[in-house]
Structures are given as C-alpha cells and as structure tokens.
Amino acid sequence: MRTDDGVDLHVEVDGDEHAELTVVFSHGFTARLAEFDVHRPALRGRVRLVFWDQRGHGRSGWTRLTAATIDRTGRDLGQVLDAVVPEGPVVLAGHSMGGMSIMALARQRPELFGPRVVGAFLLATSSGGLVSTGLLGRWISLVRRLHLLGLWLRGLQLVAPLLERFRRRGTAIGRWFTRRYLFGRSDAEPADVRLVQDLLEETPYTVTLAFWATFLDHDETAALAVLGRVPTTVVAATDDRLTPVGHGRRLAELLGADAELVVVPGAGHSVNLTRTDVVDRALSDLLDRVEERLRATPRAG
Numbered sequence: 027m028r029t030d031d032g033v034d035l036h037v038e039v040d041g042d043e044h045a046e047l048t049v050v051f052s053h054g055f056t057a058r059l060a061e062f063d064v065h066r067p068a069l070r071g072r073v074r075l076v077f078w079d080q081r082g083h084g085r086s087g088w089t090r091l092t093a094a095t096i097d098r099t100g101r102d103l104g105q106v107l108d109a110v111v112p113e114g115p116v117v118l119a120g121h122s123m124g125g126m127s128i129m130a131l132a133r134q135r136p137e138l139f140g141p142r143v144v145g146a147f148l149l150a151t152s153s154g155g156l157v158s159t160g161l162l163g164r165w166i167s168l169v170r171r172l173h174l175l176g177l178w179l180r181g182l183q184l185v186a187p188l189l190e191r192f193r194r195r196g197t198a199i200g201r202w203f204t205r206r207y208l209f210g211r212s213d214a215e216p217a218d219v220r221l222v223q224d225l226l227e228e229t230p231y232t233v234t235l236a237f238w239a240t241f242l243d244h245d246e247t248a249a250l251a252v253l254g255r256v257p258t259t260v261v262a263a264t265d266d267r268l269t270p271v272g273h274g275r276r277l278a279e280l281l282g283a284d285a286e287l288v289v290v291p292g293a294g295h296s297v298n299l300t301r302t303d304v305v306d307r308a309l310s311d312l313l314d315r316v317e318e319r320l321r322a323t324p325r326a327g
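Just so we're aligned: 278 in our numbering is position 252 of the sequence shown, and the numbers increase by one with no gaps anywhere.
Hints may be right or wrong, so weigh each one.
Cβ-Cβ distance ranges computed for the label pairs, FRET-style [said to hold, decoys possible]:
1) Glu190 to Arg72: 37 to 43 Å
2) Arg267 to Asp245: 19 to 25 Å
3) Val64 to Gly181: 33 to 39 Å
4) Arg193 to Glu286: 39 to 45 Å
Read the hints as simulated data drawn from the structure, not as lab findings.
Backbone N, C-alpha and C define an ideal beta-carbon position, used for all residues, glycine too.
Let's have the full structure, built from the sequences with the hints guiding it.
Here is the structure:
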C-alpha cells in the first residue's frame, strides 16, 4: 500500500480471513515483520493477522529524513488500518518501536480507540525517557546544553552512507553487540542471536541513523489515556537493556485498571523470539479479554 506521502509499505495478511477479530503487528526498530513469524502458528486459526514493514525497514520503501519519526510511523499504521482493515474490531500489537507507533496513533486518532481498536499488546516498549540516564544520557544532555544536538545528529546522517559502504555484516563484534543488548542472561541461544543479528543488519545505516534522532524526544505519555480505554497487556523483560523493565512497569501503571503487566525473568529485548510461549500465552489471554468484552458490548451495525 502507498502512504499519503508516497512511500510504499509492504503488508502481509495471514490467518482466518473470515475471523471477526484482526491483529495488526508492528515490528521493532531496524527489524522487519519476520520477527513475528514465530507467532503465526498459535494465532492462524483464531484471528486474521496483518503484518507490515515500517518505512525504511524490510521490503517497505524509504523516506526523506524529516519523515523518519515515530510520529510518521504512527500515521503509517493508521493508513495500514484504513487500507487493509477498513472495518471490524482490531487489536494492535507492537514490539519496541512498533509499540511506540501504536502510542503515536492513539494520540493522532483517538476516535479509533474503543469503536475500532479494541485492544493493544505492548511488547518491550516505552512511552518515553529512554535516553535519560547512563553515559549516553549524559552525553545527550551535554550536547543539548551546548545547542549542538541538531548539528551532531545531522553529522551522523551525513556519514551514514559512507559507513554503509564499508559495513561488514555477520561479524563477531556484531554478534557480541546483539547478544549484549538484545538478549538477557539466560535466553541467548546462539541460533537466536544470529537470527536477530541478521534481521538488524539488513537495515542500512542510513535508515538507522535517520530514525535514531526520534528516540531522543519520544514521549507519548499523553497518549496513554486514550490507550487506557481498551484492554491492554504490557510485556516487559527483566534483562532488557534497550527498554528496561521499569519502563514497562510505568507504562502498565499509567494505562490504568484495564492494563495487565507480564514480567519475563531473565529475558532481554528480543523476548518474543526467546520466550515465544510466554508471549503467545499473554497475547492469547488478551484476546480472551477482548472477545469477552465484544460479546458483552453490542456493536453498531
């Protein structure tokens, strides 16, 4: 499908085409829709499934730098719904940046949440404040105080094509980085690490460094009141270095009484790949809650 700013997005539809309920999956930063392949078997016979590659990722088209933002991916998600799921109840599922895209959509189009979007599954994600602590947080604070943040980010984007030209994929250093930042203490099987490394390294540095700036200012806390209208499940992993478990706890707390929190001990950011059974069960439980509410609430038409 083509967005209103002319970017072609790759979308796949799977599962029961006659199902009342559709689940739309939004993948994480520098990944692609293949990260959700492990969940297809558990869901195919129950719901209709929609997967899409976010702009610049996978088989979707690229975009101008100024549109490499979570605000824009939220709009893209809304347009995927309009084009591929024009009617019927929808549950939105998002991992990492995918969850942030869902929050952005809630801010942009609150009228969808309740009548059309009837549930949300937020996996290893955050509503904001990701780059506020540690060495990187101190560096960003210093650059902001010196009013050099825009210049620094633009410099990264300018050197990205050169870095991509000389990039080597599948290296031992790349596996170490993937192992350290995408996995926990007790869930890093070599095959899973290599799979995630391959997924992440498919995305060019030009995409990575263009989107990186959007995470510095990401704050969708205000959108949580809209998301809180529908049943939600937040999955957080205790060893997640990218979206630490505290962000998941805060997210569930701010979402309110209709939110359930699932904490996965020993898992890292790629929790859906390494603890697939736990994530499948959490999503199934959310679908049970959504379906129970749909049965209890008469729908227009």
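Review point. What hints, given by number in increasing order, does this structure fail?
Key: Failing hints: none at all.
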